[in-house]
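Number of protein chains: 2
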Amino acid sequence: MKTSERRSTCPINYSVEIFGDKWMFLILRDIMFNGKNSFLEFRASDEKISSAVLTEKLNLLLEEGIVSKVTSPKNASKFLYLITEKGIELVPAMVEFLDWGSRYNPDGGPKAWLERIRQNKKKAIMELQDKLREDRRSHELM
Amino acid sequence: MKTSERRSTCPINYSVEIFGDKWMFLILRDIMFNGKNSFLEFRASDEKISSAVLTEKLNLLLEEGIVSKVTSPKNASKFLYLITEKGIELVPAMVEFLDWGSRYNPDGGPKAWLERIRQNKKKAIMELQDKLREDRRSHELM
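Listed in order, the protein sequences are those of chains A and B.
The working numbering applies: residue 643 is where the first sequence begins, and numbers increase by one.
The working numbering applies: residue 643 is where the second sequence begins, and numbers increase by one.
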């Protein structure tokens, strides 16, 4: 997104022009907490995103440098969407939203991560960030 | 929002069904970082929210118990929107979005808070939460 297209110079506005959208959050959730990285996996989530909307949102994530798109090492006709370092830096915000949401909506969600977040949030954030870096490296090296 | 109206039981989905919207973030930013609490103050922000959209979003914040609406002690025909404890619990998520946004969009934003967040994020979050509680109490007691 070009600076000239934004509504203001506020950094929260910068974040919300990208993430002020339900689907962006839900795709990032699937990448961060559910280990998803392909179009079909994102499509299969409970919230039933349409193919057209998913394509649009993935393109925005690519354009903003939050994910990168690589050919699957196992299937040359399939693409994988791998989270970048800029995306991994969003883990703390996503963890805070997960934590807040889980207080008022205790059902569902990534149980194992919720447990770790409740025990030690800072440690859970660092472990999730390390896991995402590791996953990305393993896909890049395959 | 009733459980039956939600797209899934995921707690991140719970958060995004409320906050997956640019305007909700920007109103919360104005309440948290800019000390705003009235319709006219929210209307005056750089992003130029319309009256109809602002009314709709404030009603959703009220319905979700994130703000409460009180008559201004100084002007009986004016309402104030005061953040509740449920809203104050969103400070960590908002601070993370501000911090992330400010790395990629260094201009603008609440300079004093950005400085404090960079020096000691955990302390800045607690101080901002205390300030919001204090502000609410002072309005309630006026």
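Derived by calculation from the structure, the hints in this document are not laboratory data.
Warning: the hint list may mix true and false statements.
It does not matter which identical chain is meant; a pair holds if it fits inside one copy or across any two.
[To be verified] Pairs of lysine-lysine, DSSO-like flavour, derived with a Cα cap of 30 Å:
| id | residue 1 | residue 2 |
| --- | --- | --- |
| 1 | Lys720 | Lys764 |
| 2 | Lys716 | Lys765 |
| 3 | Lys720 | Lys763 |
| 4 | Lys720 | Lys699 |
| 5 | Lys765 | Lys753 |
| 6 | Lys763 | Lys716 |
| 7 | Lys690 | Lys678 |
| 8 | Lys764 | Lys716 |
| 9 | Lys720 | Lys765 |
| 10 | Lys773 | Lys720 |
| 11 | Lys773 | Lys763 |
| 12 | Lys728 | Lys763 |
| 13 | Lys711 | Lys699 |
| 14 | Lys728 | Lys765 |
| 15 | Lys753 | Lys773 |
| 16 | Lys753 | Lys728 |
| 17 | Lys728 | Lys716 |
Results for each hint:
Taking CA atoms no more than 30 Å apart as the test, Lys720 paired with Lys764 passes in neither setting, with 35 Å inside one copy and 42 Å between copies. With identical chains, the CA atoms of Lys716 and Lys765 are never at most 30 Å apart, being 33 Å at best within one copy and 47 Å at best between copies. Taking CA atoms no more than 30 Å apart as the test, Lys720 paired with Lys763 passes in neither setting, with 35 Å inside one copy and 41 Å between copies. For a Cα distance limit of 30 Å, the shortest separation of Lys720 from Lys699 inside one copy, 18 Å, qualifies, whereas the shortest one across copies, 41 Å, does not.
Both within a single protomer and between protomers do Lys765 and Lys753 lie at most 30 Å apart by alpha-carbon distance, with minima of 16 Å and 29 Å respectively. When the C-alpha separation of Lys763 and Lys716 is checked against a cutoff of 30 Å, the pair qualifies neither within a copy, at 35 Å, nor between copies, at 42 Å. When the C-alpha separation of Lys690 and Lys678 is checked against a cutoff of 30 Å, the pair qualifies only within one copy, where the shortest distance is 15 Å, while the shortest distance between copies is 37 Å. Taking the shortest alpha-carbon separations for Lys764 and Lys716, neither the intra-copy value of 35 Å nor the inter-copy value of 43 Å comes in at or below 30 Å.
Taking the shortest alpha-carbon separations for Lys720 and Lys765, neither the intra-copy value of 34 Å nor the inter-copy value of 46 Å comes in at or below 30 Å. Proximity of Lys773 to Lys720 under the C-alpha cut-off of 30 Å is restricted to the intra-copy arrangement: shortest distance 23 Å within a copy versus 51 Å between copies. In this assembly of identical chains, the alpha carbons of Lys773 and Lys763 lie at most 30 Å apart whether taken from the same copy (15 Å) or from different copies (23 Å). Taking CA atoms no more than 30 Å apart as the test, Lys728 paired with Lys763 passes in both settings, with 20 Å inside one copy and 19 Å between copies.
In the homo-oligomer, the alpha carbons of Lys711 and Lys699 lie at most 30 Å apart inside one protomer (13 Å), although the nearest pairing across protomers, at 36 Å, exceeds that limit. Proximity of Lys728 and Lys765 under a CA criterion of 30 Å is satisfied in both settings, with 19 Å inside one chain copy and 24 Å between copies. Taking identical chains as interchangeable, the C-alpha atoms of Lys753 and Lys773 lie at most 30 Å apart only when both belong to the same chain, with a minimum of 17 Å there against 33 Å between chains. Within a single copy, Lys753 and Lys728 get their C-alpha atoms as close as 25 Å, and across copies as close as 22 Å, so both meet the 30 Å cut-off.
Taking the shortest alpha-carbon separations for Lys728 and Lys716, only the intra-copy value of 26 Å comes in at or below 30 Å, while the best inter-copy value is 46 Å.
Violated hints, in rising order: 1, 2, 3, 6, 8 and 9; the structure is consistent with all others.
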